[in-house]
Amino acid sequence: MIDYKALIWYIENLEGDKAKEIIDSFIEQKPTRDEGLEIMKACQRGTEKVGVLYERGEYFVSDLLVAGALLEEIKEKLQTIIGEDINSFKSGRITIGSVVGEELEQGEVVLAKIVQTAGFIIIRPDTRVS
Amino acid sequence: MAKKFTKVAYTNLDDFVYGSCPNPVTTKSGMVIGGGVVYPEINFTLPGMDINDVTMPKAATIYSNIIEGVLKRAAELYAPGVLIEFETLPDFTEHPKYGIEVNRILLNGMKEASEKYGLKTAIRTTPNDLREFSRPPIMRSGKYWETMLELYEQCAKDGSDFFSIESTGGKEIHDSALVKADIRLAIFALGILGCNDMEFLWKHLVDLSNANSCFAAGDSSCGFANTAMVLAEKGFIPHVFAAVIRVTAVPRALVAFEQGAVGPSKDCAYEGPYLKAITGSPISMEGKTAACAHLSPVGNIAAAVADTWSNESVQQVKLLSEMAPIVSMEQLIYDCRLMNAATVNGQQLMFRDLLVRSDSALDVQAYVLRPDVVMRISTELVKTQDNFLRTKLAAQLTVAELKKAIIEGKVKSDKRDMKWLDKMEKAIETIPDDPQEFYNEMKSVLDMDKFIPSEYGI
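Sequence order for the protein chains is A and B. If you count the first sequence from 1, position 58 lands on 58 in my numbering, and the numbers rise without skipping. Take any residue in the second sequence, note its place counting from 1, add 1000, and you have its number in my numbering.
Worth double-checking, as some hints may not be accurate.
Simulated crosslink set (SDA-like; lysine to any residue; CA at most 25 Å straight-line) [unchecked claim]:
1) A:K75 with B:S1114
2) B:K1403 with A:E58
3) B:K1157 with B:S1114
4) B:K1234 with A:T95
5) B:K1423 with A:L53
6) A:K20 with B:L1185
7) A:K113 with B:G1035
8) B:K1443 with A:E48
9) B:K1403 with A:N13
10) A:K113 with B:G1235
11) B:K1450 with A:I114
12) B:K1419 with A:W9
13) A:K18 with B:I1428
14) B:K1415 with A:T95
Which bits of chain B does chain A cover? Going by a derived footprint, with three or more residues having C-beta under 8 Å, they are [as the list claims (entries may be wrong)]:
15) 1167-1181
16) 1234-1241
Derived by calculation from the structure, the hints in this document are not laboratory data. We put the beta carbon where it would ideally sit given N, CA and C, even for glycine.
Here chain A stands alone, though its shape is the one from the complex (with noise of 0.2 Å):
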């Protein structure tokens, strides 16, 4: 039985082996592909969370890059069971920019790649989503 909660908890918290832990005895269950599904959406809410904390002050990028590497190495564990279908879990959204319609300045440019490489999708002030 997989406590997800924990999961998201370790993740959201940047406790890497723990989550690791974790994924390695679900992966020991010889788990089925939704069910591998379910786990990396689990997965994904705990870096959500961590791009939120990011957002509200209490985390640092350093923080997204942490959970952007720990969420590519948990995809290299799980990906034999859910296929390539991995690829398409990003870390989270980000915003970054704070007033709608200015153009990034060139830090937030820099911010916006390295954002990017931890995984997460970058939304900006004006851009709307349906």
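Let chain A serve as the given structure and place chain B on it in line with the hints.
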């Protein structure tokens, strides 16, 4: 034969003050740096422009105007002496003829100011470390290495007083360590790659300076600890990480002095107080008056034990009063006047402590520059002579100092700071004492396309 620093240069913390040090340096013009007086160190650069054969005459005229303007103002304000820093633009190092030409313009300007006003001056020539222009960097040979040495040698022959550099050995790995706030990777980059490169580089620079009646002054961790400071200022990485990196960069900077550098250390090397505590050599520092170049949380405390006081760099642009380098010159002179007046009045220690107190409780990066903290950590660092172990120890000691200071409420902290300090503490504990063993461990996380081990002697 490399020097060894086995004990700190001070026995009394009250002697660890600005303007004087146990091993002052006397310039050709008679300025005694570290001999009791704090001197202004002015640095300047071109406004944004291309450098090539066509534009070079214009660039030369700009430098000529700058040196004439700043030294005239220095004389008008009765400066006791001025240290000029010529920090070259990359084009000046890549094409040494440009750098040599500008250095000569500055030397001529200094000579004229001496004849016209009786002003004492000296010049620090700081070529760029172009070796990182090759990717992965070629550190020990090649055209960038050769042109850099060519520039150094001719400038020394022409009369430069001091050599400096902001060297970049290990930066290709350290940059990744910074954005990930990965202390293990940072210690590898600084303690193994950085220190190995410094040994190689500074042996050459010291030999060159000795052969040409010039002083090898010192290096800067600008590409390492100052990058961390700026990233922390932008909120990308924790301030505590930047503070730990500052002190972790000390053993790397110390290698220049082990190889024979004598100071004043480079202005943007905010780790300077540690170098002064350990070597007794004079240091250059910059703080509030360098806000024209970059912001920092250490504006006052940086001056606490400075021997020359610098503005980092400013472009030749017009401000309301005058051209910006002249404005910087005036600001530096007034800063130095105040420090020197306090010394003459017997209030040097009080003034040092005011500089310290005004910053040290407000940011962890300022806290690690407190003279008592500097002396405590330095006293431990000199107990080991191994650069890698010293680097690891510097990180360990700084984490411990900051944890204690935060718990005791001596420094303002972020709610995330203690978590990061705990994380760093645990990570440092996993680093083995044997550098080869550590390198073997790190191979799995190192991007081997980014650096060439043999360029670092490993």
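Unmet hints by their number, sorted upward, for this structure: 1, 7 and 8
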